[in-house]
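Number of protein chains: 2
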Amino acid sequence: MSDAPFRQITIVGLGLLGGSIGLAVQAFLPGARVVGYDADPVVRSAAKARGLAHRIADDAHGAAQGSDLVIFCVPVGAMGAAARAIAPGLSSEALVSDVGSSKATVAAALAEALPGHHIIPAHPVAGTERSGPDAGFAALFRNRWCIVTPPADADPGLCARLIAFWEGLGARVETMDADHHDKVLAVTSHLPHLIAYTIVGTASDLEQVTQSEVIKYSAGGFRDFTRIAASDPTMWRDVFLSNRDAVLEMLQRFTEDLTELQKAIRKGDGAFLFDHFTRTRAIRRGIIEMGQDDARPDFGRSDHQPEG
Amino acid sequence: MSDAPFRQITIVGLGLLGGSIGLAVQAFLPGARVVGYDADPVVRSAAKARGLAHRIADDAHGAAQGSDLVIFCVPVGAMGAAARAIAPGLSSEALVSDVGSSKATVAAALAEALPGHHIIPAHPVAGTERSGPDAGFAALFRNRWCIVTPPADADPGLCARLIAFWEGLGARVETMDADHHDKVLAVTSHLPHLIAYTIVGTASDLEQVTQSEVIKYSAGGFRDFTRIAASDPTMWRDVFLSNRDAVLEMLQRFTEDLTELQKAIRKGDGAFLFDHFTRTRAIRRGIIEMGQDDARPDFGRSDHQPEG
Chain B
1 MSDAPFRQIT
11 IVGLGLLGGS
21 IGLAVQAFLP
31 GARVVGYDAD
41 PVVRSAAKAR
51 GLAHRIADDA
61 HGAAQGSDLV
71 IFCVPVGAMG
81 AAARAIAPGL
91 SSEALVSDVG
101 SSKATVAAAL
111 AEALPGHHII
121 PAHPVAGTER
131 SGPDAGFAAL
141 FRNRWCIVTP
151 PADADPGLCA
161 RLIAFWEGLG
171 ARVETMDADH
181 HDKVLAVTSH
191 LPHLIAYTIV
201 GTASDLEQVT
211 QSEVIKYSAG
221 GFRDFTRIAA
231 SDPTMWRDVF
241 LSNRDAVLEM
251 LQRFTEDLTE
261 LQKAIRKGDG
271 AFLFDHFTRT
281 RAIRRGIIEM
291 GQDDARPDFG
301 RSDHQPEG
Chain L
1 MSDAPFRQIT
11 IVGLGLLGGS
21 IGLAVQAFLP
31 GARVVGYDAD
41 PVVRSAAKAR
51 GLAHRIADDA
61 HGAAQGSDLV
71 IFCVPVGAMG
81 AAARAIAPGL
91 SSEALVSDVG
101 SSKATVAAAL
111 AEALPGHHII
121 PAHPVAGTER
131 SGPDAGFAAL
141 FRNRWCIVTP
151 PADADPGLCA
161 RLIAFWEGLG
171 ARVETMDADH
181 HDKVLAVTSH
191 LPHLIAYTIV
201 GTASDLEQVT
211 QSEVIKYSAG
221 GFRDFTRIAA
231 SDPTMWRDVF
241 LSNRDAVLEM
251 LQRFTEDLTE
261 LQKAIRKGDG
271 AFLFDHFTRT
281 RAIRRGIIEM
291 GQDDARPDFG
301 RSDHQPEG
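So the sequence lines, in the order shown, correspond to chains B and L.
With our numbering, the residue at position 238 of the first sequence is 238, and numbering never jumps.
With our numbering, the residue at position 18 of the second sequence is 18, and numbering never jumps.
Source of the hints: derived by calculation from the structure; they are not laboratory data.
Be careful, since some hints might not be right.
Given that identical chains are not distinguished, each listed pair holds provided it fits within a single copy or across any two copies.
Listed below are the simulated DSSO-like cross-link pairs for lysine-lysine, each with C-alpha atoms no more than 27 Å apart in a straight line [claimed, not checked]: (1) Lys263 <-> Lys216; (2) Lys216 <-> Lys48; (3) Lys183 <-> Lys267; (4) Lys183 <-> Lys216.
Use the sequences and the hints to build the structure in full.
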């Protein structure tokens with residue numbers, strides 16, 4: 001009766017990602033049933049009120065019953081505990097997946113918590129700086145990449161169904177191994193977040209410049225960093241702890257490059273600065289050509305500017 | 001016959017900022033006449049074709065003739081030379097201003113090039129990563145801050161007219177002294193640009209991660225940095241050279257803070273990371289409350305997403 005790649009999907013953790021999956025399944029995979037669960041009763045109430053799933057389970061034990069796909073949408077440091085809580089109701093036929101931002105650590109945590117189960121981790125590269133059960137929306141994954149990281153012994157049929165599931169939600173899917181994923185995301189996501197968190201903290205600690213001045217004149221570039229640095233603190237703490245080696249490696253390279261530019265400024269070496277700044281434009285062009293962003297000035301934000 | 005604060009405005013340099021001023025004067029100050037000049041004949045032709053001014057002057061000498069306001073919109077390192085080129089046609093009654101991103105160095109360069117003239121520097125905190133005569137648009141300054149930095153001996157009447165001019169283009173105006181401006185902007189704009197330029201360079205130099213992967217998965221946070229790092233290389237080279245001391249001071253603080261977070265990651269100090277990441281959310285809230293940005297996820301970009 002249904003063409004959906006899975007008959008019933010359980011989502012564990014109903015924040016931005018989990019809530020968005022719940023809404024997206026209902027919007028784009030009408031043949032599938034979706035069950036939601038969150039360890040926090042306040043979040044469960046909010047999820048019921050927003051209709052994030054067809055049914056919100058009241059306890060972990062019953063949440064996975066009857067589901068052929070269970071997706072963990074909790075901070076990567078909480079994956080193991082969430083999996084152990086769900087285990088009693090979990091069918092051995094079901095596919096277990098997640099949406100965590102680091103993959104090698106999560107794969108190990110899920111494998112340890114759920115021995116003998118089918119596990120194929122995944123990471124939809126999508127999000128906003130908002131979090132919680134009110135933050136999700138059905139279109140979050142549309143035209144965004146989802147990276148699936150099947151272990152070497154993964155069942156190819158289940159892997160194909162997981163890919164079909166994410167494509168059904170509008171994502172473009174790529175597969176790679178977990179270690180490579182963690183290196184790629186260390187530079188495209190984790191390091192940018194770490195730097196944004198740092199500079200926003202630096203700005204708020206200044207004595208000579210007031211916080212209200214920092215906020216007022218943020219349109220000069222700082223604003224983009226504050227958006228990133230407003231992301232969920234628990235999620236990001238766990239990302240840095242779980243992808244430590246790759247993050248520290250990328251950070252080391254960044255620091256070397258920053259020191260070189262610092263030296264050029266100190267020496268007044270304009271040619272070095274100009275060459276470096278010219279080179280970085282090409283990457284931006286690549287991103288716009290790939291359709292990963294809007295080329296219009298201000299991303300079209302000026303259309304919606306407050307009139308105040 | 002006109003309520004415009006200036007009768008005729010000369011714009012020297014017809015890139016993003018100069019072109020936007022030309023279009024904004026025509027759109028919002030209909031009583032004023034605007035004359036444009038650029039040292040590059042190719043830019044002058046493009047400016048004529050786009051109608052960036054009522055008249056495009058063919059030489060520097062004639063560009064300022066008859067104008068009661070002359071605004072230099074060239075990279076900050078070129079202000080002195082541009083002012084000397086324009087000087088022969090400049091009335092001693094005219095007000096001289098600019099739009100440079102650093103103010104103490106520019107004020108000194110203009111004062112040296114134009115002794116005895118009225119000079120009140122200004123900095124509209126607005127822009128996009130695009131540059132050149134095709135990049136400007138009339139609404140660029142709407143609801144953006146413009147910082148006016150009058151020297152101690154500035155004529156109060158001229159200062160009031162310059163403020164009225166920027167308000168006429170839609171900006172919100174604040175005044176402060178040049179040194180304080182340079183400290184504020186070092187943290188809200190110059191340091192963010194330096195960091196964005198650095199990380200985009202770091203990413204493009206990696207061996208283990210391909211450039212196409214960096215581009216593909218940029219939605220994780222990196223994308224915002226590439227937008228900043230696509231800004232005009234000449235302009236930014238000059239900003240770092242002209243505001244060197246304040247930039248190096250802010251960079252030193254940033255590096256200390258980054259080292260502290262790096263150490264927390266290495267030691268696995270989750271509590272330190274969590275506390276730091278929680279603190280930075282407040283600044284984001286302040287920016288949204290000030291109306292300096294759009295609170296919607298993705299700034300409403302999802303409305304305009306390519307379908308491909």
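I want to check one pair: Lys183 and Lys267. Are their C-alpha atoms no more than 27 Å apart within a copy, between two copies, both, or neither? between (34 Å within a copy, 20 Å between copies)
My question is about Lys183 and Lys216: at a cut-off of 27 Å on alpha-carbon distance, are they close within one copy, between copies, both, or neither? Intra 36 Å, inter 14 Å, cutoff 27 Å: inter-copy only.
How would you classify Lys263 and Lys216 at a CA-CA limit of 27 Å: within, between, both, or neither? neither (30 Å within a copy, 32 Å between copies)
When Cα atoms must be at most 27 Å apart, do Lys216 and Lys48 count as within-copy, between-copy, both, or neither? For Lys216 and Lys48, neither the intra-copy (39 Å) nor the inter-copy (35 Å) Cα distance is at most 27 Å.
The structure fails to meet hints 1, 2 from the earlier list, while all remaining hints are met.
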